[in-house]
Amino acid sequence: MTRRKNVLLKLILCISILIVSVGIEYLGFNFHLLFQDSTQRGVLTYPLSQLKTNGFAEKDGVLEAVSEQASIQVAFDDMYVNKLEYGYDSESSFKADIVLSTFDKYGAPIQEEQKDSSSSQLNRSVQNIRAKLSQLEISIPKGVKITYFQINNQIQFNIIRYLFIAGFLLLFAFLICYRKLIAKKIEIGFLVLSVGVGLLMVLVLPVQSISWDEQIHFTNVYKQNFTSAVVWTETAEQFNLVREPAGYSFEERTDAMRYLDENANYHAPTRLEEKSKWINYNDFGYLVQSLFFKAARVVGLPFSLCFMLGRLGNMLCYCIVMFFAIRHIKIGKRIMTVIGLMPTPMFLSSVYTDDPTVTAFLMLGFSYLITEILEPEKSLTFWPAAVFVGAILFGCFPKAVYIPIILLALLLPEQKFPDKRSMWIFKIGIVFLFLLVMSTFVLPTVSNPSSTGDLRGGDTSESRQLALIFGHPFAYMQVLWDSFRACFGNYIIGSSSMLHFAYLGEAVTYNTQIFMGALLLFTVFTDTCSNKEENPIQLKLYQKGFLLILLVGVICLIWTALYISFTPVGLMQINGVQGRYYLPLLVPFYFLIRSTKIRNNFSPEKYHLGLLCGSASLLFFMMYKYIVEARCF
Amino acid sequence: MRITETFSKMWITRTIKNHARVILLGFMLCSLLLCGLSLLFPSRVTSEEGIIEQKDQLVGKIYDGIKVEHVFQSPKKDLKGIDLISSTYGKNLQEGTIHFEIWTQETKILDYDAPMTQIHDDQLVWLSFPIQGDSKGKEYKLIISSSGCTEENSVSFWMGSKKENQSVQTFINGIQVNGSALNFILVFEKNNYKFLWPLLLIATIFFTLSGVVPGKKRKVERGSTDR
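So the sequences go chain by chain: A and B.
Anchor point for the first sequence: position 88 equals 88 in this note's numbering, and the numbering is continuous, going up by one each time.
Anchor point for the second sequence: position 146 equals 1146 in this note's numbering, and the numbering is continuous, going up by one each time.
Among the clues, some could well be false.
Stated by the list, open to error - Sample of chain B residues facing chain A (criterion: CB under 8 Å; computed from the structure): (1) Gly1036; (2) Leu1037; (3) Phe1041; (4) Asn1191; (5) Tyr1193; (6) Leu1201; (7) Thr1204; (8) Ser1210; (9) Val1212.
Calculated directly from the structure, the hints in this document are not laboratory data.
Note that CB positions come from ideal geometry on N, CA and C, so glycine has one too.
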């Protein structure tokens, strides 16, 4: 009876949240329009002939910008303007400058400027204004034709915004309702929160390349989902060349998706490309993404949905693998949870990239390995060994520089093996695996360096850079140290690795950074909550020392790889290293400073709830500010 | 039926457990055998190497009476062809032929007439010849001339600045072009051992895991956590 009552109460709570969300969306986001004079509501169309223009010529019912700074001015009687909408016809994408004459909080007149980007593939621009205006002036580049001009003051029910609000409230309600379960199993909290936020992220992110090299990763996924010949459609070509239309408002986003769907005709391809049936091991990181994309394509879903489902596959793979990593690890569950839920890794899991595969599988391998190291009295059996060896290798296929992590297995003590001979077989095997993976990027570079590196970096040359390093090893070590030192804080506990949404923006404000830093450090220093016994489990000093050496080794490999391939020859700094490269190293790094000396007397219920709510707040804040508000209004 | 199934399962499980190390080492040996086979019978693929990276000027109009000579050294063995980047000055070319010859110090390895109508703007012109097994370090000379071409109906090829240490020289009617050379891509044939590394990796994984196979009784007494 009580159980049934509980279920009923939770159901009522869910329905209430869904209803409240309707209220918030309808009342909260349309507040100004609801109390607006009825004559100023709805769609207000301005006939082109009656607009005050400068530098335009009217021809066949359209206005064509004939001078470099053609502009349209519209005066308002202190009217609230929700959206500016105009139709256009342009051969190339363009940016319009909008100057708004509005009022500050004290009612004094001020001017604000906005940029409005429009894609050549679309034919209308919808710009969010959301301010009381006395005048609006828009400057259009020469050659663009304006087909209509209107103010959209319609009361809008934005489904994306609604799902975001409902998702936010439902996830917080889940955390509170199931706090007892989460107190025992924080990994369940991680799974629900990460999948919930990931689903929202996939939904709200625009169907466009918005992350680091996403066009390259998408192209690889797209190629992988064909068996022998890649069918290049107009839409896929546009993604390949980063020419896909961009949407900056709900309407533009819908238009862009419609355009992409209409031009993804697999029966009328632009070209066919032969491809090998074998999948290169470097591309294993795309397997789940291409599987989801292919499933959606085979079923016949529109391109934009296939695109979103490919992202969804990546996100689910990340969340599930991280869930098993957190579930298995003996210590540091909360550190892994909080880092796994940071905005950047969650964002990366929801776009096309192989970074989440690297991070999640390395975490899984690390989790099994650390657990074995911390339980010296338990024999090492086949399956845990197979999981950590397999997971670390799989994680290193896309980015081999992380392979030194596998050497942690050398710390496994003799008593974990059936006999001394078995231990030597295992450890020699580990060293060979390390050397084999290292050989994939060290051997080609050293034995046959290319005369050019990555051309995006400028005057790069692998051979000349290597000659410089070998000729001046100490000077290079200084360059390496200076570059490493300059970025260390930002990459370990800064916005570059935790609060970065690639081309959508980076949270550089102190408030967000301090909140994130405080949450992370608090977790690192208090992650001993359930260790009530006298001698809580902890890595020994020599184990930490070895882990530190391996981490330094990986970091040196990352910086050196980019110095050789991406930095102009002889430059006194290293270019191209980004915070996200440190993500797989953060959990091992924080294990170095994790201490059992600080006793945590919080109840697990409150502690886990606090950590998950903190992580969720950070995620939702970042999503709202950089995605929902910027792209979905 | 059910009892038989259970028995069979148990028997299989027991056999696998008892012979796990042998099975793993067997897999390892199979992988090593395949490694050996892939080493003995590699597949052949082409590889390209650009010598001049830039593409910043044209060699000039090539018509009757103009002869372009290009001398280069092959950095690798098994040279099988050259790609040149053509320019037609944006025009559709009419009649006439472009004549390509490639010489080693002793012999002519290519003699090819390309109709002008088949040459298009900013496209690769592929010159293929028998694989040169001893091409590493060897000097080659490419000669480009024309017949039936006029100044208005002429073709050109892209050049780029060359670095000081590059052993390439381009001559127009016997006069050397300073600082620049014809932009060309050398195409080689090479052995491809694409299965070697994955097979070696698989063999090493089997070898590594054979150290922790189930069913082995530990000989050493269990130690304490603090050891």
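(request) Provide an ascending list of the numbers of those earlier hints which the structure does not satisfy. (result) 1, 2, 3, 4, 5
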